[in-house]
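S.K.: Given the structure of chain A, go ahead and fit chain B onto it with the hints provided.
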Amino acid sequence: MSFAAVAWPVPRAWASRQKNPITLPAAVVVGAAWIGLALFGHELHQGLSDEHHGPASFVSPVVRAAAWALMIVAMMGPVVLSAVTFLRANTLSWRRGRATVQFLLVYVLMWMTVAVPAWMLEAEVNRVDSPYRPVVAAGALLVAAGWQTTGLKHLALDDCHRPHTLPPRGWRAMKGVGSFAVRHAWACIRTCAPLMLAVAVAAASIPAAHLPIMAAAAGGMVFERRSRHPRKAARMVAIALVITATACLLLAGGSD
Amino acid sequence: MSAPTIHVRKDVWKLDASDRTLQWYAKAVEVMQARPATDPTSWAYQAAIHGTDADRPPSLSNSCMHGTWYFLSWHRMYVYRFEQIARAAVVEAGGPQEWALPYWNYGIEGESATLHPAFRQPTVDGRPNPLYVARRNPPVNDGVELPSQITSAEQALARQFFTGSTEFGGGITDADGRFFAETGQLEATPHNVIHVAVGGRSGWMSNPETAALDPIFWLHHANIDRLWALWDSNGHKAPEDLRWIDQQFELFDVDGNTVTQRCGDVTDTVEQLGYGYDGLPSRQPERRAEAQVSEGGEPEFVGASESAVVLTGRATEPVVVDVDQRAQQSFRRATGETSPRIQLSVENIEGEQNPGTIYAIYVHLPEDPSDEHYVGNLSFFGIERAMHPRGDEPGHGMRVAVDITDVARRMGVGSSEEAARFAVTFRPIEVGSAGDTGSARREALPEVTIGRISISYTA
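In order, the protein sequence lines correspond to chains A and B.
Just so you know, the first sequence maps onto residues 8 to 263 in the working numbering.
Just so you know, the second sequence maps onto residues 173 to 631 in the working numbering.
Chain B with its partners taken away, still in its complex shape:
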């Protein structure tokens, strides 16, 4: 008996000249776009599963999971099912059985951090190019290199644990956690910021309701999925909590039938799903010998800014966050911890529309900006749905959290034994020079309000 075929997803920028992966992808997009929108295997329906603004959306629409520890597992299932449908379309069009979705590894500086030309040409051989979308951030369609601050997954990959909003995969969102938006580090950067960088202010990729209509969406998510597999291959663990493992989601198979999968069924792409990534081991390594837990401790709130901050596209003045001495002492008494992990949360982010701006977050930024003070990114992918939930999902608000322990230590603040004060600055990151995340259109940007910026300690 022959071994089952393992489909290998390849770096789109490393496909050799004779490789026809992208041509077949374009063909699959064309075939799927030609199907009626009521067909679950059509392009429009597959995109609607992620999000749609239709008044009467079809079954399983708007079911994407964001701001939660289910983000990675749901999107792995989603891309896996989409790839099977696209592969069937490739085969239907005469293509190879072993076709697999490529991924966009924008994390490598230079050419890889630009949109592949196959997605930038409006026409191919005089015909409309199915991979081209006009509704993108113009500099991205012009081939501008994305800044490394938004393409790098370094911070996320350095996280030790899966569960938690400052950890790799996102925080627990169960019935009692509806007030919290628990976006994990990989979801925040590069996932969210790449969405906004590619979509700009009004492009498809910037809004969950239209994002999956853009063919680059699937290569972006294949990369996010690869980064999870990479983190996993470094000996980290997916949650062992049964609330995560047994959580089921419904999607459509290649025949358009509803199928159900558990999160616990998608933790190993090769063994459970039959696909892998070039450059990654085909088998997961043995876990590290030492305790490799996938949960961090509960953060204890110790201080917050006094008033709201309005973001208008310009760099903000430093926002002061004082750590409360009594709360700090109480934390130390309860935990005995004098060098806690420090979490900075940007909370109650509200706005009617994604302004398409990405901000870098700095702590104690001097007049001459330095990367040493950089702690993470803030973008607003999904802000519309956070404000006004679509479909049958509860409201949840929007929040971004980053671990600033290392930066605070370098600045000499954050011991639980002394008073601490943090000055937080938001500076927009330019994507290209003439794009709509750039300075040219800042005046017209919709405002976004941050309710407060808080500091929490974790022992």
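Chain A on its own, in the form it takes in the complex:
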């Protein structure tokens, strides 16, 4: 009897379960984050940008941090999925749950540091008169487009695909997961932070359009991360950003 005939019935079913068992939970979490952004994101950005409500600090820092975390989960969730898949495939089965939680916590915490410049930029946007805000949004998108074409961006994108050594057990395993999360988050931040900051500025400038702006940016990030030709994909995202910036400028011109 051949090996194939003996081995198939069990592993096929098992393999299909194992292929990527986190896809469904990840989709649920990311979907919930998007729903949260759809329900509350507009109000948050409205609150941040509404001159009659005073300065940006009017909104509780806790709420703002939660909103930023929601944005990270929604936008970076699909991007980080392959790293989590790698982590789980290279972690002992009984450690997978805790390793995944540890990785994601560190990853999100790293991204929280980007919230500070984002809030500072949003505060600056609040000082700009409403008619000129699309121009500010266009400027931020053009800066992000420029970053997309740099060598540093491409190197960071390369680092997003780098594997990491994960010791199997004990404190070394915890340290390994932590350092993988830090390294991967740092690569993600270098790759995507300018785009995320541009999104924050654009969303604060044009609160009514915050959701499509975020969705388009998230789509662009997934596209360049998963492309077989990441540099070409990054350049295509840059072109899309330039087109969006042009649309913002036309919007500003039309509102004069």
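Possibly wrong hints are sitting among the right ones.
Straight-line C-alpha distance at most 20 angstroms; calculated SDA-like pairs for lysine to any residue [to be verified]: (1) A:LYS239 to B:PHE421; (2) A:LYS239 to B:ARG292; (3) A:LYS239 to B:ALA616; (4) A:LYS239 to B:PRO229; (5) A:LYS239 to B:SER233; (6) A:LYS239 to B:GLY282; (7) A:LYS239 to B:LEU329; (8) B:LYS409 to B:GLU478; (9) B:LYS182 to B:GLY282; (10) A:LYS239 to B:ARG228; (11) A:LYS239 to B:THR430; (12) A:LYS239 to B:SER231; (13) B:LYS186 to B:ARG292; (14) A:LYS182 to B:GLU478; (15) A:LYS239 to B:ALA226; (16) A:LYS182 to A:LYS239.
Simulated from the structure, these hints should not be mistaken for lab results.
M.R.: Below, chain B without anything else, positioned relative to chain A:
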């Protein structure tokens, strides 16, 4: 209507004295080398398609596929298109229309495992020999016989399935698999190790960016392609997954125009591409009656070494890999399997430069080394690109995986019902006595670090 010509690729060591295949090949190389590097049919451009370190590489440069299930199909297309261009150059020089690229079957011990003299002579009739390259491992250019551990495709040909890193053709690398290097068994041995054996530490063949500049590259790859055809002729199957079948690659035709081919268009050399190999049937046999699937199950990680291993050119101390009991029990509960297939992976291989060393991997090696403990080879072809991707490709790291089930069973370890411990040893394989893979220059070898060695079970 006459039947289309089938071009037959022949064993370079079995060409008879009157056969001028190699002379015409040398002529084609000369013609192609004389063309400007901007011409896609030139020698330099064809080599750049595989790899180049040029700052501004031409279109389709650096597009070779390694560490992936596309390795065999991409290289089949590449060698096929190159052969058409070389044949046109042969005909242009007055040679025969039926000329075909020969192959180097180093898998036969003795003379066949040495580099053919036509590639070793610096001059022919007082003129530079286009087939000679000085930047090779010196013992290879001296005609040393390559050891059978690196020339044999026996392990690869024994694999039942195409898809998987311990299988014949390599593992799936799609968008979600970028962290994994999925080198298949034929790619690992003999493909990678022959590259390193011929190139040595700093020769062209050892680096994907220069490998295709060496005329022997094409005979080596014709042999790899033949071994795929041979495996196929034994009733095995190429992937039926549409991600593989429909994957397209671009290359240049004989006129220098871009052409696109799908992997599914190159599974039968005779029917689809019009060439075959001497000694192989011209038609593929009917597939075996029983289920002949081309995918293995997903491996389940059950244990790994605790710290990194640094390779410096010497044999290592045994590296202990303990199988975790809880992970093992969990695997058994999920699969019901008590005698799993066992996969050993050498992971996160990092180094700035290929040291030109080839290591044999042993499990539970006694003081008196024995082939019974040998499980596979480790070489570092492409390590530079794994570290620093060229062109527009994502980074992927480097990993080598081998199936050690049979060896483990012989040693009496690896049942999922008992604790298992594996001791893994790496020993350098000498190519010649004075070469730069040999002991004379070990002190100066660049270091390579292995992040961890892991054990996985497959039901």
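S.K.: Give a verdict on every hint.
M.R.: Hints, one by one, checked against the model:
no., hint, in the structure
1, A:LYS239 to B:PHE421, "holds (16 angstroms)"
2, A:LYS239 to B:ARG292, "violated (42 angstroms)"
3, A:LYS239 to B:ALA616, "violated (39 angstroms)"
4, A:LYS239 to B:PRO229, "holds (15 angstroms)"
5, A:LYS239 to B:SER233, "holds (14 angstroms)"
6, A:LYS239 to B:GLY282, "violated (49 angstroms)"
7, A:LYS239 to B:LEU329, "violated (38 angstroms)"
8, B:LYS409 to B:GLU478, "violated (38 angstroms)"
9, B:LYS182 to B:GLY282, "holds (18 angstroms)"
10, A:LYS239 to B:ARG228, "holds (15 angstroms)"
11, A:LYS239 to B:THR430, "holds (19 angstroms)"
12, A:LYS239 to B:SER231, "holds (13 angstroms)"
13, B:LYS186 to B:ARG292, "holds (17 angstroms)"
14, A:LYS182 to B:GLU478, "holds (12 angstroms)"
15, A:LYS239 to B:ALA226, "holds (18 angstroms)"
16, A:LYS182 to A:LYS239, "violated (35 angstroms)"
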